[in-house]
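Enquirer: Below, each chain spelled out in residue letters.
2 protein chains.
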Amino acid sequence: MKAFKLANPLRPLVGTNPASNFWKVTTKPTSARPFTSSHPLHRAVITNNSNKKDMATLTTKTGQTIDRQVMESMLRRRMFYTPAFEIYGSVAGLFDYGPSGCGLQANIIETWRKHFVLEEDMLEVDCTVLTPHEVFKTSGHVDKFADWMCKDPKNGEILRADHFVEAILEARLKGDKEARGQKVEEKEADPKKKKKKVKSEAVKLDDAVVKEYEEVLAQIDNYDGDQLGQLIKKYELKNPETGAEPSPPVPFNLMFQTAIGPSGQLAGYLRPETAQGQFTNFAKLLEFNMQNMPFASASIGKSYRNEISPRAGLLRVREFLMAEIEHYVDPEGGKKHDRFSEIENIELTLLDKETQLSGKTDVKTLSIRKAVEGKVVDNETLGYFLARIHLFLEKIGVDMSKVRFRQHMANEMAHYACDCWDAELLTSYGWIECVGCADRSAYDLTVHKNKTGAPLVVRQKLETPNVRQEWTLEYNKKKFGPAFKKDGKTVEAAIEATTQEQREAFAKELQENGSFTIDVPGVADGKASVGKDLIEIKYSTITEHVREYTPNVIEPSFGIGRILYSLLEHNFWTRGDGADEARGVISFPPTIAPTKVLIVPLSSNKDFSPIARKLGQKLRTLGISSRVDDSSATIGKRYSRNDELGTPFGITIDFQTVKDGSITLRERDSTKQVRADEAKVLEAVREMVTGAKTWKDIQGELPAFEAQELEVR
Amino acid sequence: MKAFKLANPLRPLVGTNPASNFWKVTTKPTSARPFTSSHPLHRAVITNNSNKKDMATLTTKTGQTIDRQVMESMLRRRMFYTPAFEIYGSVAGLFDYGPSGCGLQANIIETWRKHFVLEEDMLEVDCTVLTPHEVFKTSGHVDKFADWMCKDPKNGEILRADHFVEAILEARLKGDKEARGQKVEEKEADPKKKKKKVKSEAVKLDDAVVKEYEEVLAQIDNYDGDQLGQLIKKYELKNPETGAEPSPPVPFNLMFQTAIGPSGQLAGYLRPETAQGQFTNFAKLLEFNMQNMPFASASIGKSYRNEISPRAGLLRVREFLMAEIEHYVDPEGGKKHDRFSEIENIELTLLDKETQLSGKTDVKTLSIRKAVEGKVVDNETLGYFLARIHLFLEKIGVDMSKVRFRQHMANEMAHYACDCWDAELLTSYGWIECVGCADRSAYDLTVHKNKTGAPLVVRQKLETPNVRQEWTLEYNKKKFGPAFKKDGKTVEAAIEATTQEQREAFAKELQENGSFTIDVPGVADGKASVGKDLIEIKYSTITEHVREYTPNVIEPSFGIGRILYSLLEHNFWTRGDGADEARGVISFPPTIAPTKVLIVPLSSNKDFSPIARKLGQKLRTLGISSRVDDSSATIGKRYSRNDELGTPFGITIDFQTVKDGSITLRERDSTKQVRADEAKVLEAVREMVTGAKTWKDIQGELPAFEAQELEVR
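Chains A and B, in that order, give the protein sequences. If you count by the working numbering, then the first sequence holds residues 1 to 713, one letter each, in order. If you count by the working numbering, then the second sequence holds residues 1 to 713, one letter each, in order.
Careful: at least some of the hints might be erroneous.
Treat identical chains as interchangeable: a pair holds within one or across any two.
Stated by the list, open to error - Think about it this way: if two alpha-carbon atoms lie no more than 27 angstroms apart in a straight line, the pair counts; the simulated DSSO-like pairs of lysine-lysine are:
1) Lys137 x Lys302
2) Lys538 x Lys154
3) Lys693 x Lys618
4) Lys364 x Lys336
5) Lys61 x Lys199
6) Lys477 x Lys233
By construction, these hints were calculated from the structure, which means they are not laboratory data. Everything numeric in this text was worked out from a predicted model, so none of it was measured.
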């Protein structure tokens with residue numbers, strides 16, 4: 001069999017331990033598919049270079065071990081999300097967001113829009129999802145946006161080639177451990193992990209084979225279809241269900257295809273990213289921006305990828321919300337950013353490519369200024385956005401101890417990309433790529449410009465014209481062609497290719513001898529003699545008033561669903577000790593929580609209900625979402641229910657309220673309460689919900705209330 | 001040829017005048033397709049029952065005639081919207097929203113969310129666009145969501161059958177007028193009106209033929225495919241380009257189809273509406289709402305329809321944003337609404353079905369209370385939403401003199417719908433259906449429940465159990481069947497069908513005679529004698545603790561793109577007299593305008609620019625979007641540019657600002673200015689942008705400023 005690299009020196013050998021591999025949900029080709037990995041969210045990566053240390057830190061903010069099954073079951077029960085069309089059996093990779101998830105998503109988006117679009121005067125656009133074939137042909141998606149799949153010839157089952165190889169080899173390694181009597185860490189059954197469940201048999205392998213399997217698994221992301229096919233043959237990998245060897249892997253394009261219009265002739269795709277709509281509108285956007293550079297466009301919208309085997313809940317789905325920025329910058333002048341000084345001292349957790357090359361995952365913490373100065377990050381504009389992404393994640397409540405920026409290695413990036421970093425968030429599924437931030441150079445605008453001829457360029461009026469002296473050529477067209485006959489073009493090309501120095505020499509020759517001789521490979525004797533009747537070479541003054549260039553694109557690209565899921569995991573914890581059943585709490589920041597206030601009448605006393613209704617009305621006027629829970633459950637139970645929804649504040653209406661209008665305000669995480677008159681409490685809520693004050697501030701301002709503490713805790 | 005109705009008595013004969021037909025962009029089947037028209041936005045109707053009087057009122061708020069071409073060219077230039085992928089030649093029916101349109105859309109959506117979702121505690125969901133085949137098979141879309149198309153056998157051109165018939169007959173009528181020497185009102189060339197451009201020839205028709213053609217055109221919406229095919233044959237309608245008669249019309253399903261997953265086996269569609277995702281989640285939503293009824297779900301998202309011939313700009317497109325509410329209500333108790341009293345005095349402009357039946361389009365203005373009391377509108381809940389829709393349209397700045405609620409006629413509604421009204425907005429394209437509001441009865445939940453077995457029902461715990469006494473039957477199963485042999489089931493059915501009175505009589509007979517005789521049609525002698533060994537009839541107590549029912553759905557359904565377009569037309573006007581070139585203005589309410597404030601430094605003096613930047617920052621903190629225009633254009637020109645974007649306020653920074661911090665505030669429509677210190681002006685802007693105060697209020701509070709008036713006007 002043909003040799004293919006068993007170990008790619010460019011990829012660290014991490015994740016070889018099956019236990020640390022468990023959460024390795026994907027497996028992204030890199031050198032095999034520069035296109036896709038160049039745009040990180042194209043192939044939403046869940047990287048496998050976590051290590052035990054990372055996973056060991058995987059506890060809630062309160063130090064509890066995360067029980068994902070308990071959490072996910074709660075999230076579904078409280079309708080953060082739910083499999084779409086479940087009453088019809090549901091479809092893999094399609095999820096609906098219920099009221100809680102939808103509200104959370106809306107608040108994340110609103111924060112994103114304020115943090116990026118409004119703050120930086122970005123030009124937001126809303127482009128169509130339906131995209132004609134030609135656009136994605138030009139962008140490269142039609143040819144390269146694919147995964148490798150193979151088919152079981154017996155039962156027709158379709159397998160994702162890399163997942164298949166991985167599953168069988170892992171099962172063999174597990175069987176080997178069993179045979180050796182080693183402890184096998186049992187992987188938890190994960191209903192959303194669709195990777196083929198392969199039963200292991202206790203068969204001892206040679207030590208060399210174990211090592212080889214481990215090496216293959218460590219770089220499973222790097223194989224292309226041929227290589228995966230060779231692995232299947234070499235190791236005789238069979239589908240355990242049928243005993244058959246799958247067919248050789250073929251590429252499967254991940255774009256959903258459809259036909260636009262009644263003829264069925266116009267092929268279209270559902271976009272796998274929002275970027276192309278922004279690029280194709282570049283000329284109009286520049287015009288709208290009155291030709292001012294730099295500027296950015298932005299877009300929030302659904303994208304689609306026809307995953308072969310969707311899994312890991314919200315992390316690998318077929319329909320998802322993206323928010324993307326395309327920042328257009330002059331490639332000359334070092335890509336400076338004029339607001340860089342505002343963020344230069346922000347410290348980021350960086351995992352650079354050198355570290356990864358050395359097989360490590362140790363992060364370093366650097367101010368973004370130092371990172372740019374030290375050339376860890378390529379340029380100021382890219383660095384500016386990395387810091388802004390960091391601030392955004394912090395603002396929405398991501399646990400910043402579970403964030404790192406991982407640099408793409410050379411073999412992960414497309415040839416045209418300058419530098420690329422992913423903001424990865426640590427979850428129980430591993431390090432999840434949630435935001436990509438790439439310097440895509442002039443690639444995108446160039447390919448569309450070349451294909452369509454549209455002027456996707458900036459014409460910069462030069463304040464002082466660019467004046468220079470240079471040797472220029474003037475042909476006597478009528479005589480030049482006939483003089484060289486069929487070699488005319490070749491000779492002309494040779495002359496055009498001359499340097500300024502050569503031209504100066506030729507000009508001298510022309511003046512002195514009336515002609516010059518030039519080497520022209522490909523013509524009769526390899527030389528041509530050009531007389532002064534055919535050409536003039538003059539030292540002229542060139543004045544340029546306009547500079548034309550194709551801007552480079554810095555592209556921060558956010559997978560909202562992944563951020564949302566990670567946010568849930570980062571803010572989830574449970575309350576209650578041995579006696580109690582553990583009760584889930586989600587500690588969203590008040591700005592992000594879907595519902596801000598729970599209104600709880602103490603009992604079903606009929607005096608309470610109009611007060612509750614009016615309170616809701618007043619909160620609405622303040623733009624604060626609230627819900628009334630006037631069910632017959634105990635106050636404690638009603639609060640618990642809303643702790644699961646992440647509702648940060650609770651207002652109790654009791655008999656005292658009827659008497660003097662005072663209400664109690666309870667904070668979700670501490671379960672502490674204060675009591676004051678309605679106006680003061682509402683003002684306190686408003687201030688906390690807008691982020692102007694914290695609960696601690698309010699505790700300093702309003703008197704504590706203890707009476708119902710026992711029941712509420 | 002077979003007879004088919006040439007005039008449907010249920011449809012008014014309006015729009016027969018070609019002049020009033022011009023803007024009749026579509027043509028919706030009704031009786032032919034009860035399904036689609038039952039859900040009005042399914043088949044976004046542009047109704048043809050406008051009349052000259054309606055169109056005569058078609059002026060701007062300032063009384064100017066609307067020049068649509070001028071307006072639309074401005075809207076594209078200022079990037080409200082633009083054909084998608086224009087550099088690739090664009091695709092019919094796909095539009096991108098630029099920064100202005102995107103901002104406008106976001107503000108409409110935000111207002112919608114506050115007005116409906118937040119105000120009424122609706123459960124917002126975000127369901128997938130991708131939907132498996134089976135769901136739309138059940139809902140009826142797979143079989144019935146279609147238009148009729150035919151094909152030219154010579155050149156393969158695909159024609160929408162109703163449009164084709166319409167175009168040819170209109171051309172013949174026009175030719176007739178020419179031949180008769182009558183004045184022909186020339187239709188303006190409309191680049192977006194894709195209806196076949198048919199050249200008329202001056203050929204005089206018989207008077208009877210003219211009448212027949214006009215009748216056909218008046219009800220072109222009512223024909224099904226067979227009927228359209230018969231019209232083509234009867235009138236010998238040929239494609240002018242080839243002279244060929246098109247093939248018989250066949251249905252073309254308007255859903256975009258795709259394949260989900262790698263096998264290609266799982267057919268899916270892009271949803272043509274957001275409703276089905278809400279219905280299929282009903283049981284979970286009810287659970288989330290703690291079993292409380294009534295409640296509503298809501299959804300904002302893209303929907304897709306593969307129109308055969310998209311046209312009329314944003315009004316008939318293939319990808320569009322919808323906002324839909326599904327309000328679930330108990331069918332018993334008259335569908336009362338407990339907040340009805342809050343809106344009962346709102347007066348609506350109604351075009352009811354009786355008026356339309358009589359061939360008229362005269363509207364009546366009625367309070368919604370009177371409309372419900374008088375049974376013009378079927379019930380309180382439907383009426384409540386009509387009034388809330390009215391308030392919403394008013395809030396976003398729709399010209400309420402160009403709004404009417406048109407009731408569906410019996411032949412437009414599906415058999416299961418109780419009542420349906422469309423909010424139609426008058427534009428230069430005619431009356432545009434922008435919001436549908438239908439009482440869909442229990443149809444949707446019932447079909448999904450029947451198909452899947454999912455409990456899409458409400459189980460209402462009865463406070464006091466429903467206790468009643470009634471005569472019940474108890475069979476001696478072992479003996480009953482054998483006693484009647486093959487007639488057993490028939491006899492049993494006859495007994496089951498008895499009334500309480502009959503059973504009482506039979507019970508008496510049993511007691512007295514030991515048997516009773518019952519008529520059983522279909523058995524030997526038409527009677528059966530049933531003895532007391534076979535059956536007992538007892539007077540028993542029945543106690544029901546739970547009532548189970550399928551809720552009815554009231555569905556307000558908003559086409560956001562259509563509302564957005566109408567809003568643009570309703571707020572557009574031009575400023576400037578003879579001397580000046582007319583300058584466009586869009587008078588959005590401040591709450592809706594995409595950008596709220598334009599910041600204009602008087603000149604390029606370098607003292608101004610830091611002030612402008614700080615001002616922008618302060619406005620951002622207040623959540624108010626602004627733009628700085630520091631170009632070298634005159635102040636007047638810069639304001640003009642932003643009048644075209646509908647920016648309501650302008651702040652000028654001048655030398656006085658540098659001295660004392662005062663700034664001028666200019667209002668877009670009046671071009672009047674006030675001057676005050678920065679804090680006061682910002683507070684004024686905040687109050688106007690949130691809708692708390694009007695410009696008139698502010699003029700009363702802050703001193704007027706006249707100095708730059710001449711330049712600015």
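Enquirer: Next, verify each hint and record whether it holds.
Expert: Verification of the hints:
In this assembly of identical chains, the alpha carbons of lysine 137 and lysine 302 lie at most 27 angstroms apart whether taken from the same copy (20 angstroms) or from different copies (25 angstroms). When the C-alpha separation of lysine 538 and lysine 154 is checked against a cutoff of 27 angstroms, the pair qualifies neither within a copy, at 77 angstroms, nor between copies, at 63 angstroms. In this assembly of identical chains, the alpha carbons of lysine 693 and lysine 618 lie at most 27 angstroms apart whether taken from the same copy (20 angstroms) or from different copies (19 angstroms). When the C-alpha separation of lysine 364 and lysine 336 is checked against a cutoff of 27 angstroms, the pair qualifies only within one copy, where the shortest distance is 24 angstroms, while the shortest distance between copies is 64 angstroms.
In this assembly of identical chains, the alpha carbons of lysine 61 and lysine 199 never lie at most 27 angstroms apart, being 36 angstroms within a copy and 75 angstroms across copies at closest. When the C-alpha separation of lysine 477 and lysine 233 is checked against a cutoff of 27 angstroms, the pair qualifies neither within a copy, at 64 angstroms, nor between copies, at 66 angstroms.
Hint compliance for this structure: hints 2, 5 and 6 are broken, all remaining hints hold.
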